[in-house]
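Between the sequences and the hints, there should be enough to build the whole structure, so can you do that?
Here is what each chain is made of, one letter per residue.
There are 4 protein chains.
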Amino acid sequence: MKSYIQEQIQTYQEKNKQTARLLIKCPDKRGIVSAVTQFLHKNEANIIESNQYTTDPQDGRFFMRIEFESPHLPEAEATFREGFQPIAEQFDMSWDLTGAYDIKKTAIFVSKELHCLRELLLEWQSGDVITDIKLVVSNHEDCRELVESFNLPFYHIPANKNIRKQVEEQQLSLLEEYDIDLIVLARYMQILTPEFVAEQPFKIINIHHSFLPAFIGANPHKRAYERGVKLIGATSHYVTNDLDEGPIIEQDIMRVDHRDNVDDLKKMGRSIERSVLARAVKWHLEDRLIVHKNKTIVFK
Amino acid sequence: MKSYIQEQIQTYQEKNKQTARLLIKCPDKRGIVSAVTQFLHKNEANIIESNQYTTDPQDGRFFMRIEFESPHLPEAEATFREGFQPIAEQFDMSWDLTGAYDIKKTAIFVSKELHCLRELLLEWQSGDVITDIKLVVSNHEDCRELVESFNLPFYHIPANKNIRKQVEEQQLSLLEEYDIDLIVLARYMQILTPEFVAEQPFKIINIHHSFLPAFIGANPHKRAYERGVKLIGATSHYVTNDLDEGPIIEQDIMRVDHRDNVDDLKKMGRSIERSVLARAVKWHLEDRLIVHKNKTIVFK
Amino acid sequence: MKSYIQEQIQTYQEKNKQTARLLIKCPDKRGIVSAVTQFLHKNEANIIESNQYTTDPQDGRFFMRIEFESPHLPEAEATFREGFQPIAEQFDMSWDLTGAYDIKKTAIFVSKELHCLRELLLEWQSGDVITDIKLVVSNHEDCRELVESFNLPFYHIPANKNIRKQVEEQQLSLLEEYDIDLIVLARYMQILTPEFVAEQPFKIINIHHSFLPAFIGANPHKRAYERGVKLIGATSHYVTNDLDEGPIIEQDIMRVDHRDNVDDLKKMGRSIERSVLARAVKWHLEDRLIVHKNKTIVFK
Amino acid sequence: MKSYIQEQIQTYQEKNKQTARLLIKCPDKRGIVSAVTQFLHKNEANIIESNQYTTDPQDGRFFMRIEFESPHLPEAEATFREGFQPIAEQFDMSWDLTGAYDIKKTAIFVSKELHCLRELLLEWQSGDVITDIKLVVSNHEDCRELVESFNLPFYHIPANKNIRKQVEEQQLSLLEEYDIDLIVLARYMQILTPEFVAEQPFKIINIHHSFLPAFIGANPHKRAYERGVKLIGATSHYVTNDLDEGPIIEQDIMRVDHRDNVDDLKKMGRSIERSVLARAVKWHLEDRLIVHKNKTIVFK
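Chains as they are written, first to last, in the UniProt record's numbering: chain A, 1 to 300; chain B, 1 to 300; chain C, 1 to 300; chain D, 1 to 300.
Hints are computed from structural coordinates only; laboratory data are not their basis. Hints are supplied without guarantee of correctness; some may be wrong.
The list treats identical chains as one, so a pair stands whether inside a single copy or across any two.
[Unchecked claim] BS3-like mimics (lysine-lysine), calculated; alpha carbons at most 27 angstroms apart, straight line:
{"no.": "1", "residue 1": "K266", "residue 2": "K17"}
{"no.": "2", "residue 1": "K112", "residue 2": "K42"}
{"no.": "3", "residue 1": "K267", "residue 2": "K282"}
{"no.": "4", "residue 1": "K104", "residue 2": "K267"}
{"no.": "5", "residue 1": "K282", "residue 2": "K15"}
{"no.": "6", "residue 1": "K293", "residue 2": "K161"}
{"no.": "7", "residue 1": "K282", "residue 2": "K112"}
Put into structure tokens, the structure is as follows:
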């Protein structure tokens with residue numbers, strides 16, 4: 001199976017071999033767009049997609065994502081960065097330039113519920129999620145067979161509250177070893193320490209099985225059942241040190257009724273969790289997400 | 001306009017002049033459905049719609065709604081009730097028989113936001129909500145013109161925390177005067193006292209402008225904006241003494257994104273609130289709702 | 001009621017008194033965005049919202065909508081147009097500049113089904129649709145009372161196939177008299193002649209009660225019922241000379257099931273038709289729609 | 001992987017070892033429900049779920065699905081059938097009794113697009129679709145590796161218009177060999193002959209990649225793109241001899257916009273096709289579908 005996936009990734013890279021994305025955050029001021037587009041024009045770049053957003057006047061922040069092609073990429077990436085520096089300084093920008101040709105490296109963490117892992121593998125296999133899945137980590141053995149059937153390295157690291165430090169040390173060394181860009185918690189069900197989270201700012205995406213901020217914490221489906229809600233949901237968010245309080249990336253819901261018991265809600269929830277997480281991961285991989293004030297700007 | 005509405009109601013009554021609904025709650029036991037349907041069969045009733053639901057074995061409760069036509073209705077309603085009594089006793093039922101021909105009398109309470117009131121009047125006017133709207137009560141004058149353009153009595157009763165008792169006394173005497181069956185809080189924005197609520201068990205329907213239990217209480221749209229949710233919602237529920245904690249009847253959501261500020265959320269929220277409240281009111285008027293353990297069973 | 005609406009419109013105009021929208025269509029070329037934003041920058045314009053879209057390379061067309069504020073507006077509108085002319089010529093643009101402060105004048109055509117008319121009046125009354133409704137035309141008397149309760153001129157022009165020419169002459173003279181910018185067919189149910197349509201290119205918005213291209217033509221709900229679809233829909237589109245074939249602006253659907261008969265579908269359809277038409281009209285009024293090859297580009 | 005799936009199926013069978021479903025079709029008459037429930041009551045059956053539907057008076061057909069448990073099942077299934085026969089005759093019923101403990105045997109036909117196959121295997125693997133997948137047939141080799149990784153027999157039967165007869169002979173002999181109850185066309189893309197279809201009445205489920213009846217036939221996404229629709233859909237239906245005209249089981253849609261080209265529509269469509277087909281298959285396997293006048297009654 002691996003060879004088929006490699007082929008899809010190569011096709012993607014070939015198609016995007018001169019494509020990059022410029023991400024900008026700065027105070028709102030007249031002339032930004034004009035300066036940026038003039039710069040790209042001078043560098044013979046062709047704008048493929050451009051999105052911008054300005055917060056309300058009190059806050060006064062400007063955000064932009066431009067996807068462009070240039071005949072000088074990827075060779076001249078460094079020259080690009082250098083040339084852009086004066087504009088960035090003029091407007092006091094935080095910014096980033098990422099090549100679409102640079103495939104991001106992903107680690108998936110999972111526990112006993114495998115539906116989100118299955119979805120990611122399936123979307124990856126069919127070329128709908130373009131990333132380099134480097135490894136799958138779990139505190140259980142349940143998914144070993146599945147993971148290995150995709151020729152992916154599987155690491156079983158048993159975990160519990162008392163050995164959190166040791167567990168995370170092992171995980172961190174794997175992340176370093178594989179040079180990981182993105183960690184997906186595909187129903188991992190373990191709380192990460194502030195130290196762990198601090199090392200990967202906005203690089204960890206979680207899926208929570210409720211429409212946050214309703215049912216923060218454990219057993220959301222049981223509590224949804226008891227409250228008698230008519231909708232259940234799922235939320236994908238970046239992980240921060242406040243449990244289930246990180247910037248929301250994507251949410252969706254499904255209609256339920258009085259006949260659905262807790263197990264039904266869990267089953268029905270799976271399909272929302274699968275698709276919500278997959279969308280969030282795709283947007284991250286395509287550099288469509290900017291975090292501002294614990295919220296995400298999603299440039300779809 | 002009134003005459004057109006009266007016409008619609010008469011058409012409905014004519015069409016449903018022999019239609020009634022039997023609502024049943026009892027411990028689950030073998031033989032209930034058989035006993036009930038045999039009884040209806042003996043009374044020459046024709047079943048139009050039948051719904052049932054049994055909670056899980058631990059709880060063991062049975063619920064049923066049967067809509068039927070009988071050539072003996074409405075004249076023999078009392079005989080029906082009498083004849084059904086032994087079956088009800090045998091199975092330890094709480095039950096009710098309501099004639100579809102008995103149009104329910106409704107009071108609408110509203111504050112300054114008029115979109116829910118407008119929707120109800122519009123749906124009523126077009127014959128999509130069949131009820132007898134007897135009066136509209138508001139703590140403001142804003143909707144007087146609108147209400148009176150429909151030839152409906154409008155009562156302006158200014159309200160605030162300090163005069164709650166006097167306000168509710170006036171309201172209760174109006175409810176009595178008009179013999180009201182259902183009170184719709186169409187964004188009324190005032191908290192009712194436990195005494196008021198206790199007098200109308202499961203007869204007060206409220207619309208809350210969030211997907212409960214998220215954003216209970218005041219300013220849900222502002223808090224939704226600050227949390228950065230990707231969905232906003234609305235919830236219609238029966239009013240109990242726990243604020244925003246009554247049995248949920250209906251909920252819906254709408255997709256929002258980072259560009260939507262608090263005012264946008266409020267505007268977008270209006271259309272969900274309108275439709276969610278209208279659906280809840282319709283189901284109540286058609287006797288499709290049964291409350292059990294602070295949850296609703298909705299027999300659609 | 002009229003005075004309240006006038007107030008809302010004035011608030012809107014006040015808020016947008018220096019806001020305009022630039023709409024551009026041209027062959028795709030490097031440097032367009034750079035040139036346009038530089039021009040705006042020189043004219044001290046502040047970009048509020050900017051959207052662009054390029055068709056695929058074969059077609060190679062570029063489209064843009066920029067909403068901006070300038071301290072020189074509205075006085076310097078003519079100077080703006082003049083100054084932009086050389087850029088427009090350089091890139092071979094079709095373009096338009098519209099002031100948000102210029103409220104568009106609307107005529108509504110309706111037949112016997114009033115739900116879409118009611119929705120538009122309601123949204124207009126609450127300030128959610130900003131336009132100047134100048135008149136309502138109908139081939140029936142059913143909506144007279146409703147229209148006149150809003151203090152709007154109502155014109156009853158009976159219509160049928162045989163007198164189409166005379167009917168349209170009367171209508172055209174009203175459109176001219178009131179200097180109408182937009183005609184909304186809110187379930188008008190009469191076919192317009194090619195001559196009539198030709199005089200208002202992309203100025204007539206219709207609502208069709210199916211998800212086009214399914215169930216083109218008459219009785220879509222009856223045909224949907226007979227086909228046993230599980231979704232019914234509504235489609236809002238610009239009117240062209242091909243019946244139900246004009247550029248689609250917006251569509252939506254609702255779930256139905258085997259229990260819903262033709263009348264149920266009609267009833268349920270109303271709420272989709274209402275919201276789909278209202279969205280399409282809003283987008284048109286905000287200059288968010290560009291037509292290209294019988295399709296719409298919607299810059300939301 | 002197979003052993004894990006077998007375990008899930010055994011758990012299901014154990015839980016449902018005394019559960020059966022009674023499906024009834026007959027002319028509407030007073031007393032049917034009463035007679036049926038009395039019969040079940042006498043046989044100590046406990047009704048778990050009951051659904052009924054009566055067409056409008058002109059058509060006058062009655063449909064029912066009752067799921068029940070009885071301590072005498074499965075041993076007394078034959079006695080049950082015998083005992084029910086007089087009631088069936090009295091009311092002129094077509095009827096069927098199926099044991100939930102009898103796992104249906106399924107064949108999947110697929111071509112080059114594998115997303116629907118992947119979804120079915122994934123849902124099957126996780127115990128969300130309970131069936132015995134006996135074999136996968138394809139006219140291409142693309143899915144062999146995938147199928148065999150699930151330890152399922154894969155049959156490669158190349159197909160084209162000219163050898164349709166021979167191909168179907170091979171397929172029919174496989175269906176007979178494996179005693180197949182349900183054929184799922186998971187994007188099989190080949191037209192079946194009337195003879196083939198005639199042998200499996202309402203046993204073949206297809207997924208079509210449009211919201212039928214829009215875009216019947218080939219290339220629906222290309223045609224949807226050209227028409228500029230704002231929604232794309234998918235439809236699952238029983239196969240009859242009229243191409244894409246069989247009874248619709250389930251449909252769903254997804255929002256698209258002007259930026260989505262044909263390839264985007266295809267990609268986005270996959271996720272709707274996956275879930276629509278999976279739901280249709282589940283309902284069929286749970287005996288929730290009754291066909292009447294080329295439409296389905298879905299007892300959810």
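Give me the numbers of the hints this structure contradicts, sorted from smallest to largest. Those not satisfied are hints 2 and 6.
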